[in-house]
Amino acid sequence: MLAALAAALAAAGCEHAAARPARLVDGRPAAQFTPLRGSVIASGRVLTRGELGSGLDECLFTGDRDAVATDAPVVERVGVDAESLTVASRDGSGVYACDGGFDPAGERSPPWCHAVFGVREHGRLLDPRLDVLCRDRRRQPLAYAFVEPVPGARWIGVLQRGYTELYEVLAALPVRVASTSGVDRENARAAFEIRQYDAAGRELVRENLEAAVAG
Amino acid sequence: MRCFAALLVVGFALSGVSGAQAYHRFWATCNEDAPTFMTTMTRDAAQDYANAARYEGYQWGGGCWNYDDADSYPNDPPQVLGTHGEGGDCSGLTFKTWRESTDTWRDGRYYWRALRNVHGPYDAAAFRDGGGAPNHTVAKVTAGVMDAFASGTHIGMIFTRSLYGGDQIVEAKCEACGTNIFYRTYRGDSAYGGVGRWGWTG
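Which chain is which? The protein sequence lines are A and B, in order.
To get my numbering, take the position in the first sequence, counting from 1, and add 172.
To get my numbering, take the position in the second sequence, counting from 1, and add 1.
In short, the hints are calculated from the structure, not lab data.
No residue lacks a Cβ here, since even glycine has one placed at the ideal position from N, Cα and C.
Some hints here could point you the wrong way.
Rough simulated footprint, nothing fancy, chain A against chain B, three-plus residues with beta-carbon under 8 Å [what the hints assert, rightly or not]:
| no. | segment |
| --- | --- |
| 1 | 44 to 56 |
| 2 | 85 to 95 |
| 3 | 101 to 109 |
| 4 | 115 to 121 |
| 5 | 128 to 140 |
Chain A with its partners taken away, still in its complex shape (with noise of 0.2 Å):
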């Protein structure tokens, strides 16, 4: 009966818009891409490392803080499930990122639970920096990624159980994105279904992303 019911739904196109987050991670109402039926927008801000006060110092290793410039641009995000701060290093090296959420081992206290660097050749990360340290707030495996946006590319979307969740290209950064969906934590790997759209919606990529932990 369920099955038939699901399945009636599915027919009627009702199976994105039925599992559609009403709210973010931090309790703010998820606002939807009009171009995109069933998504959901998750925040993104830019700041500086001067605006964001101890934020980012907490997240990362001592010895990177120097790293960082004071006036560096900060992307923090903030999605359904997960939230992030990324940031470049002061010689463009490459990419810092914080990542949110619960250590199972329970060394770190919410919300960063992991900080990840990933490195730059001729402008571009080498690999994804998988993260599959974290749990969201119901304790399931979280991943993260970076994802390049294509030229003009403006959102990032990342298909999750039952609806696209939206990340705006910011800064001029690789954009960190996450999802409980697709995650193998037994191998320490994730699969993400990504696309990537214009500033009016239009797809300009779509894409399966398989990372893996490494390095």
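Given chain A, work out where chain B should sit, using these hints.
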């Protein structure tokens, strides 16, 4: 005869095919065996385990090797996971040598055989930060045999302590340099922190 010649041409053509299947090679010999839970873990045994991985190559995101003292697929493109070659990367070698669990909250001792393809959930930065129940940071000045030095992008374990401020480090360094023991000065490098494994029994 004409048919034979045509088949010969096709055969030669196919014998030269490389491409996709070339990148699913060494991992085909690896396995998914469960680890063996151990009650002991000595620094001597860890030295032996890491030492045996020398010359076995390097694979970004990898953790599977045999014991033939050669990299079965050398000179892969660097930092490409899909090459599926032999060897661990720096954090994969450390994870297996330190007998860690894929569950970060478990601090028990899990012996992984060389051909078990496992990398573990930690990258170098996670080790550096002492992430996971089995790991903790240590002062670099006191770091000893089979403790490690880790930065945001690399980790190597102390094989022996050397004179003149450096150490003999066992590490999976890069595609070109493979896995080996090298003299390094990570102890004096501010980008590196000291990290250790809880639970040594000797």
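Hint-by-hint comparison with the structure:
For a cut-off of 8 Å, the count of residues in the segment 44 to 56 of chain B with a CB near a CB of chain A stands at 0, and the three-residue condition is violated. For the segment 85 to 95 of chain B, the stated coverage by chain A is satisfied: 4 residues place a CB nearer than 8 Å to a CB of that chain, which reaches the threshold of 3. Remark: the segment 101 to 109 of chain B is confirmed as covered by chain A, as 4 of its residues place a Cβ nearer than 8 Å to a Cβ of that chain, reaching the required three. Remark: the segment 115 to 121 of chain B is confirmed as covered by chain A, as 3 of its residues place a Cβ nearer than 8 Å to a Cβ of that chain, reaching the required three.
Judged by the Cβ-Cβ criterion of 8 Å, the segment 128 to 140 of chain B is covered by chain A as claimed, because 6 of its residues qualify and three suffice.
Checked against the numbered hints above, the structure breaks only hint 1 and satisfies the rest.
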